[in-house]
Amino acid sequence: MTQADIKPAEDALQVAKRFFDSNQFSKAFHAAKKAESLAITLDERFGGYQKAAKALQSRIDSMRRLGLRTEELETLLGRAEKKVLSGIWDSGAFVPNYLEARVLVERAEQEGRAFQERAEKASNSIFLAELAIESLGEMKGPADPERFAEGATSELEQSLHEATRQLALGDAEGATKVANEIEEKATLLRKLYIDTTKSFDATEAQMSYLRGEGVLTNGLEADIKIARDMVEKGLIEAASAMATRLRNEVDVIGNVYRKATTGIADAEVLYARLQREGFHSYEADVALRDTRRSIREGNYARAIEYLERGLHAFARRTNAREALGRAIEEARKRVQFLRGSGLTFLPDIQEVLTRAENEFHQGNFVGSSEDLRIATVLLDQVTRAPNGKN
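Residue numbering for the sequence shown follows numbering that gives the first Met the number 0, starting at 0 and increasing by one per position.
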């Protein structure tokens, strides 16, 4: 449609001519003015419609060049042309319906423009995702780059195909979302690869140091080899999880080894002192022996369990010793309180108590406890006597 359909104005002008021919000049004048006004209106309406239609056609052409679907817009353009031809009554004249057709194509062009903007955004996101995937697949370090790239990028490339398919089907928002997720995932995997390889290097260095200290690492070397092979295959996330686990396990081994070896050393010094004081314990002997054996076997956690058993035996001995010492001191205070009371056997009680003290300091806790019991019985008899004398 290249020009306005002014036939309604021409018809109105013919009416004016008939009035003029019949010498009805006033009516002819008004009819002529109406024809002129109608022609101007139709031309303006056509101009507005034509401009909107050209804008829509331009949008369709632009979208086609991008490979976007334009069927719906083309359908709307055809519907607008039919809307023009369907006509409408306006001021007593049946005229082309440029007004409603213009509204239809303008709305279609706006929708097309909005979709194209979303599609261009999606296309840009897909392009960035492609770059991120390429960057991941071309990372330096793997012994077999092709093998690494296939494992690291295959899943991302499948997602990229899905994003492209969604865009082709008109789901620009969905395509953008998938493409952004791909870019983020690829960027994360790049960082994860670097962090994982550094973690393996640090773990191996720590294991070498521990072996130099005589620590058994219990086959973690084989796990490190498996994890590194996973990285070579491009299984970055799985390798990263394994790297974290191995690093923690090595740290635990180092910590329990130091705890077990320093613990047994301190326990042996303590036990030697207790033995000099007369303390002997089969339970402690067995616990320390099992601790040393477990350390030799590399079972450091079990060594700590045995060590704790020995320390509990020491604690029971120490607690009993402290209790005996407090009981002797309490008995000594009772004897001092009775001095000058005239008790004939108070010296005997003092002698027994002194012997208990000497035995206590010599480590003879059994003898000390027995003598303390005798002294305590005598003291109890004195306190129960009616006059405090015997």
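Since the hints were made in silico from the structure, they are not lab data.
Accuracy of the hints is not assured; some may be wrong.
25 Å max Cα-Cα, derived DSS-like pairs, lysine-lysine [to be verified]:
no., residue 1, residue 2
1, K139, K184
2, K139, K232
3, K176, K120
4, K50, K81
5, K176, K197
6, K120, K184
7, K139, K120
8, K224, K197
9, K139, K190
10, K176, K139
11, K258, K232
On a predicted model such as this, the values are computed, not experimentally measured, just so you know.
So, going through the hints one by one against the coordinates:
1. K139 - K184: holds, 18 Å
2. K139 - K232: holds, 14 Å
3. K176 - K120: holds, 11 Å
4. K50 - K81: holds, 17 Å
5. K176 - K197: violated, 32 Å
6. K120 - K184: holds, 19 Å
7. K139 - K120: Distance of about 31 Å is beyond 25 Å: violated.
8. K224 - K197: holds, 14 Å
9. K139 - K190: holds, 12 Å
10. K176 - K139: violated, 29 Å
11. K258 - K232: violated, 38 Å
Comparing the model with each numbered hint stated earlier shows that hints 5, 7, 10, 11 do not hold.
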